[in-house]
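Here the structure of chain A is known, so what remains is to put chain B in place on it, guided by the hints.
Sequence order for the protein chains is A and B.
Whatever position you read off the first sequence (first residue = 1), add 1464 for this note's numbering.
Whatever position you read off the second sequence (first residue = 1), add 1464 for this note's numbering.
Hints in this document: simulated from the structure, not taken from any laboratory.
Be careful, since some hints might not be right.
Pairs count within a copy or across copies, as identical chains cannot be separated in the list.
To be verified - The list that follows gives simulated cross-link-like pairs (lysine-lysine, PhoX-like), each with its CA atoms no further than 25 Å apart:
id	residue 1	residue 2
1	K1595	K1633
2	K1522	K1633
3	K1671	K1759
4	K1564	K1492
5	K1668	K1649
6	K1713	K1809
7	K1595	K1760
8	K1649	K1595
9	K1492	K1595
10	K1671	K1760
11	K1496	K1780
12	K1671	K1713
13	K1713	K1760
14	K1780	K1723
15	K1522	K1496
16	K1487	K1595
17	K1668	K1760
There are 2 protein chains.
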Amino acid sequence: MHNINLENVELLITDSLQAVGLKEEEAKICAKNIAFADQQGTDTHGIMRLPIYIERLKNGLFNSKPNTQWVRENETSAVLDGDNGMGHYSAQLAMEKAIKKAEEKGIGITTLYNGNHIGAGACYTKMAAEKGMIGFLTTNAGPLMAPTGGTERLLGNNPICYAVPRREKDPIVLDIANSIVAGGKLQLASSKSEEIPLGWALDKEGKPTTDPDRGLEGVLLPIGGHKGYGLTLMMDILAGVLSGASYSKNIPHLDEEGKTGVGCTMIAFKIENFMELEHFYDRLDDFTSLIVDSKKAPGFERILLPGEIESETKDKRLQEGTQISDSLRQELVTMLDDLQLQTDKYGL
Amino acid sequence: MHNINLENVELLITDSLQAVGLKEEEAKICAKNIAFADQQGTDTHGIMRLPIYIERLKNGLFNSKPNTQWVRENETSAVLDGDNGMGHYSAQLAMEKAIKKAEEKGIGITTLYNGNHIGAGACYTKMAAEKGMIGFLTTNAGPLMAPTGGTERLLGNNPICYAVPRREKDPIVLDIANSIVAGGKLQLASSKSEEIPLGWALDKEGKPTTDPDRGLEGVLLPIGGHKGYGLTLMMDILAGVLSGASYSKNIPHLDEEGKTGVGCTMIAFKIENFMELEHFYDRLDDFTSLIVDSKKAPGFERILLPGEIESETKDKRLQEGTQISDSLRQELVTMLDDLQLQTDKYGL
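With the rest of the complex left out, here is chain A:
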């Protein structure tokens, strides 16, 4: 493992994105939003993804010079064409616009199409929370799940993300995908030749399996059976159908050819239109106290609020930096060499 501080993570990403043609401002926004994931411990959505982003920018599967533009706008809503540029940039614009509409009209709702992977959804909903608003976001993604009763990969692990501000504390942030476990857990079990529990996945014939390799060929299962299927489907309607983006099996994964064409829907609304912000904070403190101060179950020392682990990880990593694996370090060194950037500059 190799330690790298978060300023260097952000700088490395900025320079790499500029090296493949992004404008400085866009590169900086993307770097901030990618490093956000490393900061809060969502490592699967952080610098680990940079090599594939750079690869896709180089070979034109992502557009490094997008003409990102608002194509429709009303008092409370707007639609953004991301022109297949970096999702971290277009998602930032979409949430900024939703917040601006909410400042003016109380609530704003924006959609994005021709988008790409946006990283950690929390990054954007927290922007709303920082303004005393509640933020909501969903995005769609390459399919991994089947509808209840089906066997085909037709629904992505479309996240549902909310952020709610608190007084003098980090916001409460829920950022969940709808499969019981991520595909990575099956890959891990496979690498250790372990079985997976029944209920995580179906094989490609649609039969329940304990074999991680058969599960990886098949589909992941949603939380709560038909309930998780319904939530995932609804998020694809919001993020995909409504936005004008691609949806369902028309979305390729990042390691496949073709533009992803994914979309987002974001909402921000002012708490002050419902009650004074300080009164809301009082009530929220009381509510969260009822939860976290309640009796613990055997084996538990704490009850956590959504986003609390990420908040603590962020405080720790801002001090101590983040650890990257030797293989990721090597991948980044190779990438930087290829981009003719100096490895030393980033403490790698």
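Chain B alone, transformed into the frame defined by chain A:
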């Protein structure tokens, strides 16, 4: 079992509510919204609940003469004080207002406090769908679940409900609670002296149990572990904390003393602000075809969309009426006698 047609269900409810003091208009709205649940097969939220509603209206636990009023209003939002009247009435007003705001400004968001049980959430979100809008609703309820790592009943089975309009078909309606199963399934297992699967409930010490009676003393478990906990918590923040309503363990169940004080948050927004409605319908038809026409898993003949069973039940019951159990029939007869209403009038 006894068959009763849905017009009679609605009439019986209207007359009963008027007999305990509700205004005609309010009684009619409540009756329509309670009978909605019977119509679509959500029997637990229909006429089955009328005796407890009537009981609470008679003893003052529900207010039969509420001063339902808007206490705060902005361009896109409004807050309704339900004054502890019937939830089916105040929820109707709250969704009508959200729709009106959406007609004017593209989106409307309303909250309700001092509410009561609203019946089936689908009833209200479908109102938005009928206007070419997407509707969202959440409400909170008496606690049945613990937070992950806890043992106390602190979170209700707070539903998440969305409705999306389709061309010439009933809307897609997702209306789910966040526990893996409803408490009724534990009661059923208990009555048959059967075990329940591990994972449905914890006993009152917070330990997993297969004994339905121990589960009924303890807590229900949410879908997807911490994911369902997070969703339920977020819905209580929206429906309870933000609205000014009661929340968490401060909400009594309907069979307990004290006013429930529950709340709702509702959103309606116009699809036309994002794309032409006909274009949206084309896209949604294409999306749903990808889902329902896909390969079936062993044992499945169809893939259903959320709300499809309810839609088919509605078509059937509008023709054939609904079946009520002998015990419910007897309960209704006793209630009608007590209210000095004629049983014959309703085909009971």
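To see whether the hints hold, each was checked on the structure:
1. Taking the shortest alpha-carbon separations for K1595 and K1633, only the intra-copy value of 13 Å comes in at or below 25 Å, while the best inter-copy value is 40 Å.
2. Within a single copy, K1522 and K1633 get their C-alpha atoms no closer than 41 Å, and across copies no closer than 45 Å, so neither meets the 25 Å cut-off.
3. In this assembly of identical chains, the alpha carbons of K1671 and K1759 lie at most 25 Å apart only when taken from different copies (13 Å versus 40 Å within one copy).
4. For a Cα distance limit of 25 Å, the shortest separation of K1564 from K1492 inside one copy, 21 Å, qualifies, whereas the shortest one across copies, 41 Å, does not.
5. Taking identical chains as interchangeable, the C-alpha atoms of K1668 and K1649 lie at most 25 Å apart only when both belong to the same chain, with a minimum of 18 Å there against 32 Å between chains.
6. In this homomeric assembly, K1713 and K1809 never come within 25 Å of each other (Cα to Cα): the closest approach is 42 Å inside a single copy and 55 Å across copies.
7. Taking the shortest alpha-carbon separations for K1595 and K1760, neither the intra-copy value of 34 Å nor the inter-copy value of 47 Å comes in at or below 25 Å.
8. Taking the closest pair of Cα atoms, K1649 and K1595 never come within 25 Å of each other, the shortest separation being 36 Å inside a single copy and 43 Å across copies.
9. For the homomeric pair K1492 and K1595, the shortest alpha-carbon distance inside one copy (22 Å) is at most 25 Å, but the shortest distance between copies (42 Å) is not.
10. Taking the closest pair of Cα atoms, K1671 and K1760 come within 25 Å of each other only across two copies (11 Å); inside a single copy the shortest separation is 37 Å, beyond that limit.
11. In the homo-oligomer, the alpha carbons of K1496 and K1780 lie at most 25 Å apart inside one protomer (18 Å), although the nearest pairing across protomers, at 55 Å, exceeds that limit.
12. In the homo-oligomer, the alpha carbons of K1671 and K1713 lie at most 25 Å apart inside one protomer (20 Å), although the nearest pairing across protomers, at 41 Å, exceeds that limit.
13. Taking identical chains as interchangeable, the C-alpha atoms of K1713 and K1760 lie at most 25 Å apart only when they sit on different chains, with a minimum of 16 Å there against 43 Å within one chain.
14. With identical chains, the CA atoms of K1780 and K1723 are never at most 25 Å apart, being 37 Å at best within one copy and 45 Å at best between copies.
15. In the homo-oligomer, the alpha carbons of K1522 and K1496 lie at most 25 Å apart inside one protomer (21 Å), although the nearest pairing across protomers, at 60 Å, exceeds that limit.
16. Taking identical chains as interchangeable, the C-alpha atoms of K1487 and K1595 are never at most 25 Å apart, the minima being 27 Å within one chain and 43 Å between chains.
17. For a Cα distance limit of 25 Å, the shortest separation of K1668 from K1760 across copies, 11 Å, qualifies, whereas the shortest one inside one copy, 41 Å, does not.
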